[in-house]
Amino acid sequence: MQIGKRLRLKRIFGEDGRAVVVAADHGLMLGPIRGVVNLRETLTRVIQGGPDAILLTPGQASSLIDLFYGKDAPALLVRADWTNAFRDKTYTLPARVIRDVDTVRVEDALALGATGIVVYLFMGLGDEDEEARNIEMVSVFSRECEKQGMPLIVEPLPMGERVTKANYVDLVALSVKIAAELGADALKVPYTGDPYTFEKVVKTAGGIPVLALGGYSGVTVRDSLEVVEEVMQAGGSGIVYGRNIVQAQDPGEMVRLVRSIVHEGRSALEVVGAAKKGRISLRVEPALCVGCSLCAAVCSLYHDGSIDIGRARLRVLQEWPSGAKPVVCVQCGKCISVCPTGALKWGSKGNVELEEKLCTSCMACVETCPQKVIVFDEKRNIPLFCDLCGGVPQCSEWCGTAAIRIVEEDA
Amino acid sequence: MLKMKGGYTGRVLSFDLSLEKAKVGDLNEKEAFLLLGGKGLGALLLYRSLRGKEDPLSPENPLIVSTGPLTGTIAPTGTKFSVLTKSPQTGVFLDSNCGGMFGVQLKRAGYDMLIVKGAAEEPSMLIVDENGAELRPCRLWGVTTFETIAELKKEFPNRGILVIGPAGERLAPISGLLTDDARSAGRGGSGAVMGSKRLKAIVAGGRRPIEVYDAEGMKRAAWVVRRMLRLHEVTARSLPRHGTVNIIEAVNEMGALPTRNFQKGRFDGAGELSGEKWRSGLWRRDKGCYGCTIRCGKIAVLNGSWVDGPDYETIWAFGPNCGIKDTKTIAMANYLCDDYGLDTISTGVTISFLMELYEKGFIQDLDGLKPMWGDEDVFLKLVEKACKGEGCGRMIEQGVARVSGKFPGSEAFAMHVKGLEMPAYEPRAAKGMGLGYATSDRGACHLRGYTAGQELLGYGGGVDPYTIEGKARLVIDRQDEKAVIDSSGLCFFAFYAITLKELHRMIVACTGLPYKDWYELMRIGERIYNLTRLFNIREGLTRKDDTLPSRFLKEPMPEGPGKGQVVELEQMLSEYYRLRGWNEKGEPKKETLDSLGLNELLKTNE
Chain A
1 MQIGKRLRLK RIFGEDGRAV VVAADHGLML GPIRGVVNLR ETLTRVIQGG
51 PDAILLTPGQ ASSLIDLFYG KDAPALLVRA DWTNAFRDKT YTLPARVIRD
101 VDTVRVEDAL ALGATGIVVY LFMGLGDEDE EARNIEMVSV FSRECEKQGM
151 PLIVEPLPMG ERVTKANYVD LVALSVKIAA ELGADALKVP YTGDPYTFEK
201 VVKTAGGIPV LALGGYSGVT VRDSLEVVEE VMQAGGSGIV YGRNIVQAQD
251 PGEMVRLVRS IVHEGRSALE VVGAAKKGRI SLRVEPALCV GCSLCAAVCS
301 LYHDGSIDIG RARLRVLQEW PSGAKPVVCV QCGKCISVCP TGALKWGSKG
351 NVELEEKLCT SCMACVETCP QKVIVFDEKR NIPLFCDLCG GVPQCSEWCG
401 TAAIRIVEED A
Chain B
1 MLKMKGGYTG RVLSFDLSLE KAKVGDLNEK EAFLLLGGKG LGALLLYRSL
51 RGKEDPLSPE NPLIVSTGPL TGTIAPTGTK FSVLTKSPQT GVFLDSNCGG
101 MFGVQLKRAG YDMLIVKGAA EEPSMLIVDE NGAELRPCRL WGVTTFETIA
151 ELKKEFPNRG ILVIGPAGER LAPISGLLTD DARSAGRGGS GAVMGSKRLK
201 AIVAGGRRPI EVYDAEGMKR AAWVVRRMLR LHEVTARSLP RHGTVNIIEA
251 VNEMGALPTR NFQKGRFDGA GELSGEKWRS GLWRRDKGCY GCTIRCGKIA
301 VLNGSWVDGP DYETIWAFGP NCGIKDTKTI AMANYLCDDY GLDTISTGVT
351 ISFLMELYEK GFIQDLDGLK PMWGDEDVFL KLVEKACKGE GCGRMIEQGV
401 ARVSGKFPGS EAFAMHVKGL EMPAYEPRAA KGMGLGYATS DRGACHLRGY
451 TAGQELLGYG GGVDPYTIEG KARLVIDRQD EKAVIDSSGL CFFAFYAITL
501 KELHRMIVAC TGLPYKDWYE LMRIGERIYN LTRLFNIREG LTRKDDTLPS
551 RFLKEPMPEG PGKGQVVELE QMLSEYYRLR GWNEKGEPKK ETLDSLGLNE
601 LLKTNE
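Chain order of the listed sequences is A and B. Once you know that position 25 of the first sequence is 25 in my numbering, the rest is easy, because the numbers rise by one and skip nothing. Once you know that position 90 of the second sequence is 90 in my numbering, the rest is easy, because the numbers rise by one and skip nothing.
It should be emphasised that the hints constitute simulated quantities derived from the structure, not laboratory data. Errors might be hidden in some of the hints.
What the hints assert, rightly or not - If you anchor each label on the Cβ, the simulated ranges turn out as follows:
1. 29(B) - 342(A): 48 to 58 Å
2. 305(B) - 361(A): 38 to 48 Å
3. 270(A) - 603(B): 52 to 62 Å
4. 328(B) - 325(A): 25 to 35 Å
5. 361(A) - 328(B): 54 to 64 Å
To be verified - Examples of chain B residues toward chain A, derived with CB under 7 Å:
6. 74
7. 207
8. 209
9. 210
10. 215
11. 224
12. 227
13. 233
14. 250
15. 288
16. 295
17. 463
18. 464
19. 470
20. 500
21. 519
Since we're looking at a predicted model, the values are computed, not measured. Each residue gets a CB set at the ideal place from its N, CA and C atoms; glycine is no exception.
Could you build the full structure based on these sequences and the hints that come with them?
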């Protein structure tokens, strides 16, 4: 490996061999999407979070070069090709036939002060001539990069009509292998969705650093951070996030959160502070409930090992078509006060606890409950109570619309 | 020996309405392994229940409700069930995939599948629970669906309910079924089959838990799916916010939004019918089926009452297809069709056909009404007549193919394949869709072979919509994927974000069935497509039935991006047969069936 290459790679991956890269080259591929219209403003905030590198198009790189001044500034990566492949129907002029062409030469990138260049490698195109042209482009870059000491980051992607719902992961692995064989110095790879298959992909790369890419941004910050955590678990070397960061409410903060997972090895749950320590309660937003009952299914599976929505410690009122509403234990304590044997008491999370041997199955609590969320277990002959899942209520965790939320009570 | 350890209930309930007898049988594990459930297992049962050429409205034709192993579990979008029968509209295989709570409730009653045979003597309803099934007289015959559901809900508040409307009762070939949460198994006339059995409603529910083989594995696998749905633009934003109609402007832009009975592919009023227009207009709430956070379902308010908001296909069938751009008119027509139990696509396409008949001078009027493009009043009156079966409504409810039979010379623009009306994508502007319509096992269907995502919407990088090269492979892949998805209990829409890999992981964790990898799931899809092909061949279908209305084959697209295009169907079809391992006549070769284990499966009857 050329000395220049080694030096530049160290600029990106640093001491621990890991990297948080922010991609902001969307303008070339997608047009003026949210977050990249005023790129200077966005990137100024991104840089406050301390990314290891930022990926830009050549045009943006020259006009924003001052952002990369200084010793602590992020490394500059330059996108060296263009494709229309991502322009689906949500964009003006959706792509009809996929094309990918180079836009700069390696010496242009050098002149821009780039620390590395990034190019696509598509696998799954119907047109094999186009596939061959794509391979040729990557190999020309590879030879040139070798000469000039410029790191080549290849972005292998399953793309086109030969991609099926079955061959996706294998196409990722295939294109990763081909990219490695063509001489890539690092890879920017789509996350395969779970750590098990991604681990295989990382192994396929044979030691070349694998950065996972994000794609669309998640509904919540936590969705995106979970991906980062799993990528690191699977042996990835870091992440390339674009929309997940440039479209975040606070891009700098988002970079910091991602950094703490990539460089400090923290978990997503830890980083967003989802695990509550003290007393909690559940708060319901009926307007957000879509009536899917996933909360109830999950509740029964977590507590009983099988799925029975009628056995959940909550219920979903279906009032089609006017609406639906989750009904949960609100910790009113009426059950505790009517229990004739004192079998019920407050638990540490603010939940109601049953001392089984004191229970006479008198049903007073079941009948009293104003929410009607105490289920009677006929096999064990005891009432079942919401235990707030030991501080991480699963109904709230799984709810897709935040209709059930966790509220921290003052200790 | 295979052993299912979860997901399935393992039991199949059959009920003979003529004998009023229930029988509970075991699900065959080997068959479950080969065909998964839902559509696949239902297709096998249907194949075995019939010999071919029976009248679909005779008592012999079974009505099958079939769930998948993931229906009612924590698998996100695990809501689906399939209704299978021989279609009175097409005379061939019919499966209709439906969401809502009914499938979940059938499993809670303790059954993976329900087979209803025979016919009741008087209007009845079937009550299914853990103890089997009971037939009761139903005094709601003649009552519309929503009122029927409201009445039955009083008696059965926590059950799933599947009903037919007056259209199904009077055996209208384009009638469907409706669930208590207003999801419909609309297409192909399952309503008439249920009507012919004098069965007004099926009520199901119980307290049987669904076991899970590897609860921890299932939670992890389902969590990954949940997150992937939240990380994909379509499932995280487009569908939740704008429903299925989110694509209407894009499809229009591509010149593929069939307008005025497929005369052209662009509609001036498409912008009036966009997701944003509906969202800021009539829609009030989002509705998720069981286990679904995508929530493409929308609830609208119309004239002060809550109604189910129409989806893309319905909006198209009543809207651009009939030249109408008024959301209220479309929502009203949708409500009427649901209430009387008519399929919205078939109703819209039959009316647009009548409008073209009128335009071309085949008819002078319909009960004094002049069916002109875009005339909202006349359109609504026609819908109402079709719903109520009054006057010319008796003709509309027959569907396009039968109406066209009365007007020689109208075949070229009678928009159906095998008797099932065409849905909302212009095949000349997306030729894979054309091949998909021609080869779909139940007749023209947009979902069985959904290439529009790639041809028109650019998902996965996009494919040239006008070329025929590679389209056979593309259609086969999409058909096989869809068949296995429809057998799993999951919703097709989840697969914008996930792949068969995630499905595989959930199925294995939930059931313990030893599928090696997700390619095995693709083979299930292929097996199902060959099985339904055999069913249709037994009914007498041949290559000439795998066709399109001649408008698409001979009339060049008049305008738009696809100007001048026709569908070169025969070339694609030959390649399709070859890749499927079928002969030139479209019959599966022996070696194809052998390699899929189908010969063996069909030899051992029962």
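So, going through the hints one by one against the coordinates:
1. Taking 48 to 58 Å as the suggested C-beta distance range, the pair residue 29(B) and residue 342(A) conforms, at roughly 50 Å.
2. In this structure the hint that residue 305(B) and residue 361(A) lie 38 to 48 Å apart at CB holds, the actual value being about 45 Å.
3. Taking 52 to 62 Å as the suggested C-beta distance range, the pair residue 270(A) and residue 603(B) conforms, at roughly 58 Å.
4. At about 28 Å, the CB distance of residue 328(B) to residue 325(A) agrees with the hint of 25 to 35 Å.
5. At about 56 Å, the beta-carbon gap between residue 361(A) and residue 328(B) stays in the expected band of 54 to 64 Å.
6. Checking residue 74(B) against chain A: minimum C-beta separation of about 5 Å stays under 7 Å; hint holds.
7. Taking 7 Å as the C-beta cut-off, the interface hint given for residue 207(B) holds, the closest approach to chain A being about 5 Å.
8. Because the beta carbon of residue 209(B) sits about 4 Å from the nearest beta carbon in chain A, less than 7 Å, this interface hint is met.
9. For residue 210(B), the shortest C-beta to C-beta distance to chain A is roughly 4 Å, which falls under 7 Å, so the interface hint holds.
10. At a threshold of 7 Å, the smallest CB-CB gap from residue 215(B) to chain A is about 5 Å, leaving the interface hint in force.
11. Against a cut-off of 7 Å between C-beta atoms, the interface hint on residue 224(B) holds, since the closest Cβ of chain A lies about 5 Å away.
12. Of the supplied interface hints, the one on residue 227(B) holds, with its beta-carbon coming within about 5 Å of a beta-carbon of chain A, less than 7 Å.
13. Interface restraint check for residue 233(B): the shortest CB-CB distance to chain A comes to about 4 Å, inside 7 Å, so the restraint holds.
14. Because the smallest distance between the Cβ of residue 250(B) and any Cβ of chain A comes to about 3 Å, under 7 Å, the interface hint for this residue holds.
15. The beta carbon of residue 288(B) is positioned within 7 Å of a beta carbon in chain A (closest approach about 4 Å), and the interface hint is therefore held.
16. Using the Cβ-Cβ criterion of 7 Å, the hint placing residue 295(B) at the interface with chain A is satisfied: the shortest such distance is roughly 4 Å.
17. Taken as an interface hint, residue 463(B) checks out: its beta carbon lies about 4 Å from the nearest beta carbon of chain A, inside 7 Å.
18. Because the beta carbon of residue 464(B) sits about 5 Å from the nearest beta carbon in chain A, less than 7 Å, this interface hint is met.
19. A cut of 7 Å between beta carbons decides the hint on residue 470(B): the least distance to chain A is about 4 Å, and the hint holds.
20. A least Cβ separation of about 4 Å between residue 500(B) and chain A falls short of the 7 Å threshold, and the interface hint therefore holds.
21. With 7 Å as the threshold, the beta carbon of residue 519(B) comes within range of chain A, its nearest partner Cβ sitting at about 5 Å, so the hint holds.
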